[in-house]
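**Student:** Hints given; two lone chains; assemble the complex.
First to last, the sequence lines map onto chains A and B.
For the first sequence, the numbering used here begins at 1 and goes up steadily by one.
For the second sequence, the numbering used here begins at 1 and goes up steadily by one.
I should point out that these hints are in silico values taken from the structure, not numbers from a laboratory.
Be aware that a few hints might be false.
Only some residues are given here: those of chain A computed to face chain B with a beta carbon under 10 Å [stated by the list, open to error]:
(1) Y29
(2) H55
(3) T67
(4) A69
(5) D80
(6) I99
(7) F101
(8) T104
(9) V105
(10) Q121
(11) M123
(12) K127
(13) F158
(14) G179
(15) K183
Just so you know, even glycine gets a beta-carbon here, dropped at the ideal spot from N, CA and C.
Chain by chain, the residues run as shown.
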Amino acid sequence: MAVKNFVVGLFDDEAVLFPAVKKVRTAGYKLHDVYTPFPVHGLDHAMGLRETSLHTAGFIYGITGTTTALTFMSWVFNVDWPLNIGGKPHFPLPAFIPITFELTVLFAAVGMVMTFCYLCQLMPGVKKHIFHPRQTDDKFVMVIELTEKSNAEEIKRFLNEAGAHDVNEQRAEAGWWYGRYDKNDEDVYASPANA
Amino acid sequence: MSLKYESTLREPLVDGVKDYHQVTEDIISPIEGKPGKLWYVGFVISLALLGFGAFSVFWQIYFGVGVWNLNKTIGWGWDITNFVWWVGIGHAGTLISAILLLFRQGWRTGVNRAAEAMTIFAVMCAGQFPIIHMGRVWMAFFILPYPNTRGPVWVNFNSPLLWDVFAISTYFTVSLLFWYSGLIPDFATIRDRAKTKLRKLLYGVAAFGWTGSTKHWQRHEALSLVLAGLSTPLVLSVHTIVSFDFATSVIPGWHTTIFPPYFVAGAIFSGFAMVQTLLIITRKILHLEEYITLGHMEAMNKVIVLTGSVVGCAYLTELFMAWYGANPYEFATFFKYRAAGPLGWSYWIMMTCNVITPQVFWFRKMRRSVAVTFVMSIIVNIGMWFERFVIICTSLYRDYLPSSWSYYRPSWPEVGFYMGTFGLFFTCYFLFAKYFPVIAVAEIKAILKTSGENFKEKMEVYEGETAEQFAKAVHHEHAH
Chain A
1 MAVKNFVVGL
11 FDDEAVLFPA
21 VKKVRTAGYK
31 LHDVYTPFPV
41 HGLDHAMGLR
51 ETSLHTAGFI
61 YGITGTTTAL
71 TFMSWVFNVD
81 WPLNIGGKPH
91 FPLPAFIPIT
101 FELTVLFAAV
111 GMVMTFCYLC
121 QLMPGVKKHI
131 FHPRQTDDKF
141 VMVIELTEKS
151 NAEEIKRFLN
161 EAGAHDVNEQ
171 RAEAGWWYGR
181 YDKNDEDVYA
191 SPANA
Chain B
1 MSLKYESTLR
11 EPLVDGVKDY
21 HQVTEDIISP
31 IEGKPGKLWY
41 VGFVISLALL
51 GFGAFSVFWQ
61 IYFGVGVWNL
71 NKTIGWGWDI
81 TNFVWWVGIG
91 HAGTLISAIL
101 LLFRQGWRTG
111 VNRAAEAMTI
121 FAVMCAGQFP
131 IIHMGRVWMA
141 FFILPYPNTR
151 GPVWVNFNSP
161 LLWDVFAIST
171 YFTVSLLFWY
181 SGLIPDFATI
191 RDRAKTKLRK
201 LLYGVAAFGW
211 TGSTKHWQRH
221 EALSLVLAGL
231 STPLVLSVHT
241 IVSFDFATSV
251 IPGWHTTIFP
261 PYFVAGAIFS
271 GFAMVQTLLI
281 ITRKILHLEE
291 YITLGHMEAM
301 NKVIVLTGSV
311 VGCAYLTELF
321 MAWYGANPYE
331 FATFFKYRAA
341 GPLGWSYWIM
351 MTCNVITPQV
361 FWFRKMRRSV
371 AVTFVMSIIV
381 NIGMWFERFV
391 IICTSLYRDY
401 LPSSWSYYRP
411 SWPEVGFYMG
421 TFGLFFTCYF
431 LFAKYFPVIA
441 VAEIKAILKT
451 SGENFKEKME
461 VYEGETAEQF
471 AKAVHHEHAH
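If we strip away everything but chain B, and leave its shape as in the complex, we get (with noise of 0.2 Å):
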């Protein structure tokens, strides 16, 4: 008899007959095989994708930034848009890896490797934005504060533009380390099972040496606790810090107090969907059904449709304090240039995506029907790629000076260059679910037994009794 006990009315996080060596078969075997075609289909397009925006990226450069659509009322477009909107989709990852982790949700074990992977890779494709966006970029490592030859000059610590850059450059960093200190254990377990020289030298490597001793593993838990606690301040400070970029300029639209919160909602928002969309195929192709199951989407939905109406709610606030806070401005760049007006279109999709659809997951039945959620995973992503559209174009392309109010719509460079995050996104994706654990085998092991559901059916019986009957059982069974 297991020491531990679970409720049996908690649906079984691993589905199906497993014990610990059958874990390690259904997580590493699509390892150790070929891929299948879907998967070089997929991954020849996201190379495709990503030579199209190398290409457009060169444009850009060689021709100079002239070639976007920006102007001089328009200073920030696609290329801003698609920055806050990676970096957001990033904020998932961490929030099922470290906040999920100290609320102690079990659940996050079927999912946190995956959704890792998806914050580094959504944060390397948002990175390209900013700095791109420079102009010279080979001058852009005058973002660091470096001894230099010009007197020195340093940067200007007061900027939001700067703390993003040490936000952004400390959450990656943070998050791969979280990521990989993860990882090793897997790769050890690849390593030892191995029956090809290459794959014993290439994860043995990768492994560190390591070799499950108990004072590592006591060492290790250490280590994710402690990168957990500081990994959920850092996410909340990231988008807080992104949101800080527009909330400290006197654009109206940009100057409000609510940003930072309403900020982090959509952040999670918008992973979330993300990391459903990327979950669904996974789960298909690697057949991995038991191991994300409809319960963790579920619990995702839960956590999509909270976080939609915290953003609904959000949007509500804007509109009413520019209405109660009689700042003409405000109020005409709200109710005449943004929920009307020529960019009023993108408004409404805007609210039409993020706050009026996710209302389906109300339903339970909508929440465990992978159809619904994988359409809604991709409207809520596009939702969020307008809402952040809406808040820097629309503010911008009617300012103060009304001889200057303009439209935009991008170049194709722009374009390009958006689609080549997307192939840089997914080249990276394939290859991590090709190439690594794309589940936490470890950690599946160590709640197998008190949530795998042909553990759970053996604790049945127990379920009339209470916990002191239980205890004695338990102690009786360890006496001898």
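Pulled out of the complex, with its shape left as it was, chain A reads as follows (with noise of 0.2 Å):
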């Protein structure tokens, strides 16, 4: 990714946060992201961001899990290897219910999972720079991008007014990265020849 030059504005509270998210967006700067220590619902809406589409993409794991179970099974019993088991039918669909369930929620739940990690960037290993190590704990960390346009001191004026404290410049990786978190490998990204 890139490194880049962030404002950080720290909030106690969510009722704060909300009017504060509101003005940033009113005022046009580029909100990077806000970090929240537990799900704060509605701030998705508040920040413009667009719905997930992960539902879908469960209900398409969930339907390939399904067909598979049905194919697999109907072409072992009738053209693989067509057994007469106790005179018993080569489709019986009644009893192939149960193991096509069981693996359409297994693909469901495996491909969303998986999903998931992908599109959050999760995986052991993997490395990204925290603005404050309260952001999971009770911070809710406000963090906004500086452009060629945008004045620093403007922007840490604003966030104060705004109610955030401990408002400081950061410059840091806007991406991801395999490292360590016992490791201080940060200001590698974040040196001035890397720019």
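**Tutor:** Set out below in structure tokens:
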């Protein structure tokens, strides 16, 4: 990805955060992200994020499982090795239902979790910049990206007025990299040479 | 003022004066400290049991399945009893995490993490039994439909025993994914406040690089909801399929259509009892009484008395049908060899523990008593173990041919194997209680402002207002 400059502000209360998000959007600043310790309902709408399509993906994985199970079992019983099991039919649909159902659920669940991890870049060994160590504890961390046009001081003042505290400027990698959290390798990405 | 409002008539889900940081401190700090003496004692006992279990299994594999006291008449004994018992226990975890999520039951947040962990460990224990009971366990992979060099000869997709393979493995996988996806944000919390390098490294790996981005939370919520939606029919299907192992046969006492709902209710019944046993100990040792409150225990006791009564109705229905159905074999099974006969004592233990004693939970005082709940949770689990024993053994020991009638008591490797799964279960649970957040930290924070005691007290002033007045006040505040 890329190393960028950010202005970071901390909020203590989600009731202050919501109006601040609104103000940032009306002021036209480039809102990089808001990091929260728990899912804050409605924040995605306030930030103008689109709905996730993860459900649709899950549905597609699910019907893939259904088709796989049904096709495979009927292929085995009718084409590959038609075996007479106590004179029972070769396409016993009711008897196929349990496995078909289980495979539907299995495909949907595994597929969705993998898609989730892919979309959010989650994997063992993946490292991302943490703007404030309390963002997974009790602080709501608003991060505004600095562009050529924006004035850092102005944004800092703006965030302070909106109710943020500990407003600071950070230069950081915006994406992910392979790294260990016990090693401080973030300065490698944030050094001016890499810019 | 919070945007959300919950009536003060509802009991708080988190007691005491809490803010977000305090929640983190309360739940995460036991992970960062050294475990107490009790933890070491319990862990060593569990490891010893696990060792004994491993030895018993080794004995059985080395000398063959004949070291068990199974015989030609009684082909399923303690092994399958324990299998069904452990799978049943697992069901409460999924019920709490999935079905109660869909029903928007706020109290699930205090107990879901530990209950899901219990599910996973219980299914791990359950899976051992059918595999070891195959006898030649090195051939266990024959149960999977894989392209082999013998034809390929495929498995029989019509067999309920094969449905079990699919059901249990899917159940384990989906429960594990559900549990772990919920753990990721909490691991990130531990990682970001870690002081030691090792903890930063290990929880850094376990947290998968989670940051708490709003977009990621949005997807996480969607994922949890769909996984809950998938797990709900899944959990019902798993014990339904386990009951098919019996119901699709022609053995009197097994061949009934009542089995699927009866098994599912029994599973939830025993599972909640096990959750109570574990959580009463956990909340005491980790000082989490403010998160797992008497209200939580009362809610679970209500589920216990409900499902216990459903199970009771099923027992009575079975007896009625055995008489009304006019099938002499079924009548004999129930009235001569279950409720009476050499193994009749097990039937009455089952009846007492599952149907009679849980009725104490009709009284509020009993539901909110820790001591009563703890004792009851153990009684229920004994009762549910005997239910499976009764179903399996009392149907088998008197079969159609009187010359093969038999009696059954387990041999030491059978008992040892069962003890060993207790060892496995508690070893895993002790490790979980030490190294994992036993309560879903992020989920507690999400309900704190509506259901925390100190936040609810602040809302008392609005209790007399109408919904319109409250909406107006909130709107007014946020207009500024």
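**Student:** Give a verdict on every hint.
**Tutor:** Quick rundown of the hints versus the structure:
no. : hint : verdict
1   : Y29  : violated, 16 Å
2   : H55  : holds, 6 Å
3   : T67  : violated, 15 Å
4   : A69  : holds, 9 Å
5   : D80  : holds, 7 Å
6   : I99  : holds, 5 Å
7   : F101 : holds, 6 Å
8   : T104 : holds, 9 Å
9   : V105 : holds, 5 Å
10  : Q121 : holds, 7 Å
11  : M123 : holds, 6 Å
12  : K127 : holds, 6 Å
13  : F158 : violated, 17 Å
14  : G179 : holds, 9 Å
15  : K183 : holds, 8 Å
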